[in-house]
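The primary structure of each chain is shown beneath.
Number of protein chains: 2
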Amino acid sequence: MNIARQQLIAARYGDASQPAPAAWSPIIEHLLKHRSVRAYLPDPVSDEQLAAIVAAAQSASSSSNLQAWSVIAVRDAARRAKLAELTGKQPQVGEAPLQLVWIADLARLERVTQITQRPGEALDYLEMFLVAAIDAAVAAQNAAVAAESLGLGIVYTGTMRNQPEEIAELLGLPPKTIAMFGLCVGRPDPARPADIKPRLPQSVVLHDERYSLDAQTPGIETYNAAMARFYEEQKMKVHATWAVHSSKRVANAGALSGRDRLTEALHARGFALK
Amino acid sequence: MNIARQQLIAARYGDASQPAPAAWSPIIEHLLKHRSVRAYLPDPVSDEQLAAIVAAAQSASSSSNLQAWSVIAVRDAARRAKLAELTGKQPQVGEAPLQLVWIADLARLERVTQITQRPGEALDYLEMFLVAAIDAAVAAQNAAVAAESLGLGIVYTGTMRNQPEEIAELLGLPPKTIAMFGLCVGRPDPARPADIKPRLPQSVVLHDERYSLDAQTPGIETYNAAMARFYEEQKMKVHATWAVHSSKRVANAGALSGRDRLTEALHARGFALK
Chain A
0 MNIARQQLIA ARYGDASQPA PAAWSPIIEH LLKHRSVRAY LPDPVSDEQL AAIVAAAQSA
60 SSSSNLQAWS VIAVRDAARR AKLAELTGKQ PQVGEAPLQL VWIADLARLE RVTQITQRPG
120 EALDYLEMFL VAAIDAAVAA QNAAVAAESL GLGIVYTGTM RNQPEEIAEL LGLPPKTIAM
180 FGLCVGRPDP ARPADIKPRL PQSVVLHDER YSLDAQTPGI ETYNAAMARF YEEQKMKVHA
240 TWAVHSSKRV ANAGALSGRD RLTEALHARG FALK
Chain B
0 MNIARQQLIA ARYGDASQPA PAAWSPIIEH LLKHRSVRAY LPDPVSDEQL AAIVAAAQSA
60 SSSSNLQAWS VIAVRDAARR AKLAELTGKQ PQVGEAPLQL VWIADLARLE RVTQITQRPG
120 EALDYLEMFL VAAIDAAVAA QNAAVAAESL GLGIVYTGTM RNQPEEIAEL LGLPPKTIAM
180 FGLCVGRPDP ARPADIKPRL PQSVVLHDER YSLDAQTPGI ETYNAAMARF YEEQKMKVHA
240 TWAVHSSKRV ANAGALSGRD RLTEALHARG FALK
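Sequence order for the protein chains is A and B.
For the first sequence, numbering that gives the first Met the number 0 begins at 0 and goes up steadily by one.
For the second sequence, numbering that gives the first Met the number 0 begins at 0 and goes up steadily by one.
These aren't lab readings, by the way, just hints derived from the structure by calculation.
Be a bit skeptical, because a hint or two may be false.
Identical copies look the same in the list; a pair holds intra-copy or inter-copy alike.
The calculated lysine to aspartate or glutamate pairs, modelled on EDC-like cross-linking and capped at a C-alpha distance of 20 angstroms, are [as the list claims (entries may be wrong)]:
no.	residue 1	residue 2
1	Lys81	Glu208
2	Lys81	Asp207
3	Lys273	Asp207
4	Lys88	Asp75
5	Lys247	Glu109
6	Lys273	Asp75
7	Lys32	Asp14
8	Lys236	Glu120
9	Lys273	Glu220
10	Lys234	Glu84
11	Lys247	Glu47
12	Lys236	Glu165
13	Lys32	Glu47
14	Lys88	Glu220
15	Lys273	Asp259
16	Lys81	Asp188
17	Lys247	Asp259
18	Lys247	Asp123
19	Lys32	Asp42
20	Lys247	Glu120
21	Lys81	Glu120
22	Lys32	Glu168
23	Lys273	Glu263
Fair warning: this is a prediction, and the values are worked out from it, not measured in the lab.
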């Protein structure tokens, strides 16, 4: 148990000298074992598995219990192929037998205000879009954790925001809804295994009482080195540090793969974003 | 095991006739047991517990591995009292021995682009703010699940967005960072127990292949009845259905408790939101 713990912490931080915390649980061990799976077997995800995954998603917290999210289960092969086409042609989107598409959903709340014959003016504010996006995210994370506990693999599909209007049409989304991200779900292909990706040292992300930017610099250097070792071990031909790779990702509007027009797309989807 | 499963599903949906899915795991059981805790004992959360919780948070997925979030651990009693004052005077914020404040953090990435001497123009887009918010949310949800596995209770503090500039000052936040929400963490007070809150039926939140709004109406009615039973069992004096309660929450700008000015606050915090 202690060896597994130490190995998991070493893998999670790409640093064999990182001490494992004395506090631990089987749940924490499960969470630390997460790796993003991009190679799937075609075996379907059953309705029973889906029901358990969605019950777990619904068990996550929800802002004021508004439950401002929906999830669409896409299993149809033609629709998955179309989704893959609209999300940057990543092979895993077509390959995974199930794509869960997570919707920031203010349409249901609008319907609820129609039923109660009350105004729903706050639905036009950025805050309510954010409530819906965060509700969807915490629900999706519970779904991810639950799916992995059933022996399934997952990877998020952030490129679901590349062409939101086309995705909306494909999935029949009404106004005041938008796909935030997808979650590929399926049995991992053991012939193409994934590995745990190291993360930034805790000294970079965790702050004591007040935020400090300067305190993060040494940890970022440590992490560049850890990621270089990881890329080498994985035989990935990455010829740049994490810092350079991340800088490229935020260099300019073009690096956002269409998502630089997210405000426009949200307006088109009926979110006024006041 | 099967009885516990059936009881958990019945509690989660406020419906004793709801069948439990055949797919199950101890992790799913843990997730379904979540209840928001608003009454805490003063016992501190240890550094070892915090390290395990943060490692779990970091094990969640991150968009392009940018890790655009930070978390601030607030344990100082005076600072917690000030946080409580700024977040709608909810007693649990002052009472919980630890408040984890989750930050949408583009300041670190800006620093990274300065280190690599590259442009960071995409940081000015709404998309990158959303990346940071979603990264923070999925990390926080893993933290919540991990904390509960250590016998701790949690509840989210969405009111962290009521007065973002004041929170930023209290926590020393630099430009391009903002507190998204807090997470109260501590030992639940057994004298003031919390219960599992029912959620909408799966027929409302889960869609097959394409979204349907009309299909949700019967489930919303079912849920109004389930919540009425829940309020009565809890002896909560709620004299409105979930639909009316939710409608009030989105009625107008005033119902957002200051969050109607989130766009303005984000601009003030250095997010251009292009």
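Results of checking the hints against the structure:
no.	hint	verdict
1	Lys81 x Glu208	between (47 angstroms within a copy, 12 angstroms between copies)
2	Lys81 x Asp207	between (46 angstroms within a copy, 16 angstroms between copies)
3	Lys273 x Asp207	neither (34 angstroms within a copy, 32 angstroms between copies)
4	Lys88 x Asp75	within (17 angstroms within a copy, 49 angstroms between copies)
5	Lys247 x Glu109	between (40 angstroms within a copy, 12 angstroms between copies)
6	Lys273 x Asp75	neither (37 angstroms within a copy, 36 angstroms between copies)
7	Lys32 x Asp14	within (16 angstroms within a copy, 34 angstroms between copies)
8	Lys236 x Glu120	neither (51 angstroms within a copy, 26 angstroms between copies)
9	Lys273 x Glu220	neither (40 angstroms within a copy, 31 angstroms between copies)
10	Lys234 x Glu84	neither (28 angstroms within a copy, 52 angstroms between copies)
11	Lys247 x Glu47	neither (42 angstroms within a copy, 36 angstroms between copies)
12	Lys236 x Glu165	neither (33 angstroms within a copy, 45 angstroms between copies)
13	Lys32 x Glu47	between (24 angstroms within a copy, 19 angstroms between copies)
14	Lys88 x Glu220	neither (33 angstroms within a copy, 41 angstroms between copies)
15	Lys273 x Asp259	both (19 angstroms within a copy, 8 angstroms between copies)
16	Lys81 x Asp188	neither (22 angstroms within a copy, 51 angstroms between copies)
17	Lys247 x Asp259	within (15 angstroms within a copy, 34 angstroms between copies)
18	Lys247 x Asp123	between (34 angstroms within a copy, 14 angstroms between copies)
19	Lys32 x Asp42	neither (22 angstroms within a copy, 29 angstroms between copies)
20	Lys247 x Glu120	between (39 angstroms within a copy, 10 angstroms between copies)
21	Lys81 x Glu120	neither (35 angstroms within a copy, 31 angstroms between copies)
22	Lys32 x Glu168	neither (36 angstroms within a copy, 37 angstroms between copies)
23	Lys273 x Glu263	both (13 angstroms within a copy, 10 angstroms between copies)
Checked against the numbered hints above, the structure violates hints 3, 6, 8, 9, 10, 11, 12, 14, 16, 19, 21, 22; every other hint is satisfied.
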